[in-house]
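Student: Residue strings, one per chain:
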Amino acid sequence: MDAVIEGGFTDRVLGAQSVFRATMDALARPGTVQSIASDAAPPAPLTQELGALALTLCDQDTLVWLDPVLASSEAVTGWLAFHCGAPLTADPSQAQFALVTEARHLPKLDVLGQGTDEYPDRSTTVVLAAAAGTQRVTLKGPGIKNRLDTELPLPGGDFLAQWADNRERFPRGIDILIVRDGALVALPRTTRISEA
Amino acid sequence: MNVAAYNFAYLDEQTKRMIRRAILKAIAVPGYQVPFASREMPMPYGWGTGGVQITASIIGPEDVLKVIDQGADDTTNAVSIRAFFAKVANVAVTTHTAEASIIQTRHRIPERTLTEGQVLVYQVPIPEPLRYLEPRETETRKMHALEEYGLMHVKLYEDIAKHGRIATTYAYPVKVEGRYVMDPSPTPKFDNPKMHMSEALQLFGAGREKRIYAVPPYTEVVSLDFEDHPFEIQHFEEPCALCGATGVYLDEVILDDHGGHMFVCSDTDNCEDRREHGHRGTLAGHALEAAE
Chain A
1 MDAVIEGGFT DRVLGAQSVF RATMDALARP GTVQSIASDA APPAPLTQEL
51 GALALTLCDQ DTLVWLDPVL ASSEAVTGWL AFHCGAPLTA DPSQAQFALV
101 TEARHLPKLD VLGQGTDEYP DRSTTVVLAA AAGTQRVTLK GPGIKNRLDT
151 ELPLPGGDFL AQWADNRERF PRGIDILIVR DGALVALPRT TRISEA
Chain B
197 MNVAAYNFAY LDEQTKRMIR RAILKAIAVP GYQVPFASRE MPMPYGWGTG
247 GVQITASIIG PEDVLKVIDQ GADDTTNAVS IRAFFAKVAN VAVTTHTAEA
297 SIIQTRHRIP ERTLTEGQVL VYQVPIPEPL RYLEPRETET RKMHALEEYG
347 LMHVKLYEDI AKHGRIATTY AYPVKVEGRY VMDPSPTPKF DNPKMHMSEA
397 LQLFGAGREK RIYAVPPYTE VVSLDFEDHP FEIQHFEEPC ALCGATGVYL
447 DEVILDDHGG HMFVCSDTDN CEDRREHGHR GTLAGHALEA AE
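Going down the list, the sequences are from chains A and B.
According to the working numbering, the first sequence is numbered sequentially starting from 1.
According to the working numbering, the second sequence is numbered sequentially starting from 197.
Do not take every clue at face value.
To be verified - Far from chain A, some chain B residues (derived; all Cβ distances over 12 Å): (1) K283; (2) L352; (3) I356; (4) S419; (5) E433; (6) H454; (7) D469.
Unchecked claim - When the alpha-carbon atoms are kept at most 30 Å apart in a straight line, the in silico DSS-like pairs for lysine-lysine are as follows: (8) B:K371 - B:K385; (9) B:K385 - A:K140; (10) B:K371 - A:K145; (11) B:K351 - B:K406; (12) B:K385 - B:K406; (13) A:K140 - B:K338; (14) A:K145 - B:K385.
Bear in mind the hints are in silico, worked out from the structure with no lab data behind them.
C-beta: ideal position from N, C-alpha, C; glycine also.
Could you build the full structure based on these sequences and the hints that come with them?
Tutor: So this is what it looks like as structure tokens:
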């Protein structure tokens, strides 16, 4: 029971403000690493970073999709219900946010909410906890001066091909926030990724 | 008034989350107007309720806030909004462009080039660039969806047919990243080139119209024009009468009822800074008190 009630931001106002500001800066400058260090302490398997972003962005107005690992944990669903009050959905295309603990649980990007041509904002934002390891890539697009050569903890497999399709759907499409070790990297739908 | 009864930065947390989600979508789709549930603010519509809600949702205790109204730090709107945030968020305020981390503006972009990490928050009255051409929201939304902007070019063409040139001087429409036509708010078109590839993040808030939109840093912002009538900014015949600056936006000030007038910098901080550094215009008889 305690695990459900404990673990929010000690200062819920400034805790959310600092995590949001880092997220905003990350989306405005794709590929740059922003610190989202906080004292959020959600129960496993929800990571500290996923928990912090849920506290910052999710509430009664947002449908949240959880990956199978999170969805099957009563500690996690209880914690999210108590701290965010966000309704859950089993349909990723309906979700405003998708919380994903591992790249292999990431749904195909085209089954997530894409928004419509008239309302491209009605799309899913994925929050993905990345595993160790990085991939050398080159980023281009709004928020990036010329180009950015960097190493990012991207999901493997055919992710880059899926992302290229996501980019093609602009202005529809999903945005991804990748978190690891108290830090966040954002990829808005406008970013072009190529292997370096 | 008991300030302690208010949440940090005035807005409640649920409202901030709603606005923050809209800001993130706005950055992800540059130039697209994201609907949001604009709140009543303790000031009337038209006084910057959209900009104030954005500022309140992003500001933190470390921020330094500057507020300008038509370029000036010392006009009613700027002074009252600056005092509002000094009170409800207890943040540091400044009039110096270089020192500010957040600059809320009504209808100007500072003359000093903005740098990485700064956020420029615009107060926007009518966010829809097509609104005066098509009053129905259902239609303008479809026009944006289909990227159907021919009507805007017709409007600019009619300017040329009537006046021999594009007569639009403020709220001059721009195309963002080759996709969305956007209203840069009623800034003079003089400021349009500053939006292009700006290092600063630009956020736009329209409180009455309930829209938020954004231009991320390093984003293409192109003013609409024609090959034979290229976009041009205003040029001024004379320099600022106080600081002697050229290449800045000037306001005309009437001095008497015999046609006497002077042109002075619209950006008061830039003008004061230049005068402190010894620049003098033709009418700079004595040093003016700094705005606060």
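Student: Let me make sure I understand: some of the numbered hints might not hold for this structure. Which ones are they, in numerical order?
Tutor: The structure conflicts with no hint, since it agrees with every one listed earlier.
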